[in-house]
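Engineer: Quick note on this note's numbering: the sequence shown kicks off at 3 and runs consecutively.
No lab work stands behind these hints, which were simulated from the structure alone.
Keep in mind it's a predicted model, so treat the numbers as computed, not measured.
A hint or two may mislead.
To be verified - Have a look at the derived ranges for each label pair, beta carbon to beta carbon:
1) Gln223 <-> Pro123: 37 to 47 Å
2) Glu146 <-> Ala199: 17 to 27 Å
3) Pro187 <-> Arg56: 31 to 41 Å
4) Glu188 <-> Ala64: 37 to 47 Å
Every residue gets a Cβ at the ideal spot worked out from N, C-alpha and C, and that includes glycine.
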Amino acid sequence: MRRLFKFVGLSALAVVLLAFAGLTIMAEIRRATPAEDALAALEPDDRVIVSEERWLVFRPTASTPRTGVILYPGASCDVRGYAPVLREVAAAGYLVVNVHMPFDFAIFARNRALSVKEAFPEIEQWVIVGHSMGGAMAAQFVFEHPDAMASLVMWDSYPPAGADLSGRNMPVWNIHRARPDGSAPESFEERRHLYPADSRWVAIPGGNHMNFGSFIGGRYQEQWEATIPRSAQQATILEATLDALRAAEIHAGGMTDAS
Numbered sequence: 003m004r005r006l007f008k009f010v011g012l013s014a015l016a017v018v019l020l021a022f023a024g025l026t027i028m029a030e031i032r033r034a035t036p037a038e039d040a041l042a043a044l045e046p047d048d049r050v051i052v053s054e055e056r057w058l059v060f061r062p063t064a065s066t067p068r069t070g071v072i073l074y075p076g077a078s079c080d081v082r083g084y085a086p087v088l089r090e091v092a093a094a095g096y097l098v099v100n101v102h103m104p105f106d107f108a109i110f111a112r113n114r115a116l117s118v119k120e121a122f123p124e125i126e127q128w129v130i131v132g133h134s135m136g137g138a139m140a141a142q143f144v145f146e147h148p149d150a151m152a153s154l155v156m157w158d159s160y161p162p163a164g165a166d167l168s169g170r171n172m173p174v175w176n177i178h179r180a181r182p183d184g185s186a187p188e189s190f191e192e193r194r195h196l197y198p199a200d201s202r203w204v205a206i207p208g209g210n211h212m213n214f215g216s217f218i219g220g221r222y223q224e225q226w227e228a229t230i231p232r233s234a235q236q237a238t239i240l241e242a243t244l245d246a247l248r249a250a251e252i253h254a255g256g257m258t259d260a261s
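When you get a sec, could you build the whole thing from the sequences and use the hints?
Structural biologist: Here it is, written out as structure tokens:
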């Protein structure tokens, strides 16, 4: 009997190790890696301090941030690919924390924002930003932790069916790709009821899904090809994200005054 238990235990361990190896290999095959402009954006300068330890962090040099931004990456996306946009967010006066995910899948660690908050107690309010699967998990996090974030900003994403945010009194933004006429993908429109009625939707006509970052490779199949340059799309993303952050600060200030 003891030998049987030992055999079963070793077999279970082998299955776990094989599954882990399979996930690791799949993640590497599917991974979208940072493009040249993203790698260049990782270099510190006189505007932004960059650190890569537990997380990829951008910090402004000219001010002490009161608001922090947490980024949940898309599936199979290296967080460094978002550097061109997020270093400019930091330069505007915000602490920006890019969260690494197990196997590059936010679905495995949607509560990592809590660890980020604990690590930076000096930050007064937080905004969570998520791209693709990262956006869905950011929405799920906000649904499960309604007081943890001042705002939710979704980059080309939508909440899961079980994360209905329609009754939440917080700013929610969806910055999304769109056809040249400005229309959003049907899958987004079908889930509009999951957003608060006053949520802000910012269309990027001619934009596509992966140009929310600067990536090489990956296995994502675009619904349509981009008809605007990636730099133009990211300029719009930056402007809209900064608008969302300012709106979150105003909303948080109003809530504080009211209390």
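Engineer: 37 to 47 Å was suggested as the range; check whether the CB atoms of Gln223 and Pro123 agree with it.
Structural biologist: At roughly 42 Å between Cβ atoms, Pro123 and Gln223 fall inside 37 to 47 Å, so the hint holds.
Engineer: Could you say whether the range 17 to 27 Å given as a hint is met by the Cβ separation of Glu146 and Ala199?
Structural biologist: The hint (17 to 27 Å, Cβ to Cβ) holds, given that Glu146 and Ala199 are roughly 21 Å apart.
Engineer: Assuming the hint says 37 to 47 Å, is it satisfied by the Cβ distance from Glu188 to Ala64 or not?
Structural biologist: Once the Cβ atoms are compared, 43 Å apart, the range 37 to 47 Å for Ala64 and Glu188 holds.
Engineer: Is it true that the C-beta distance of Pro187 to Arg56 lies inside 31 to 41 Å, as the hint says?
Structural biologist: 34 Å, holds
Checked against the numbered hints given earlier, this structure breaks none of them.
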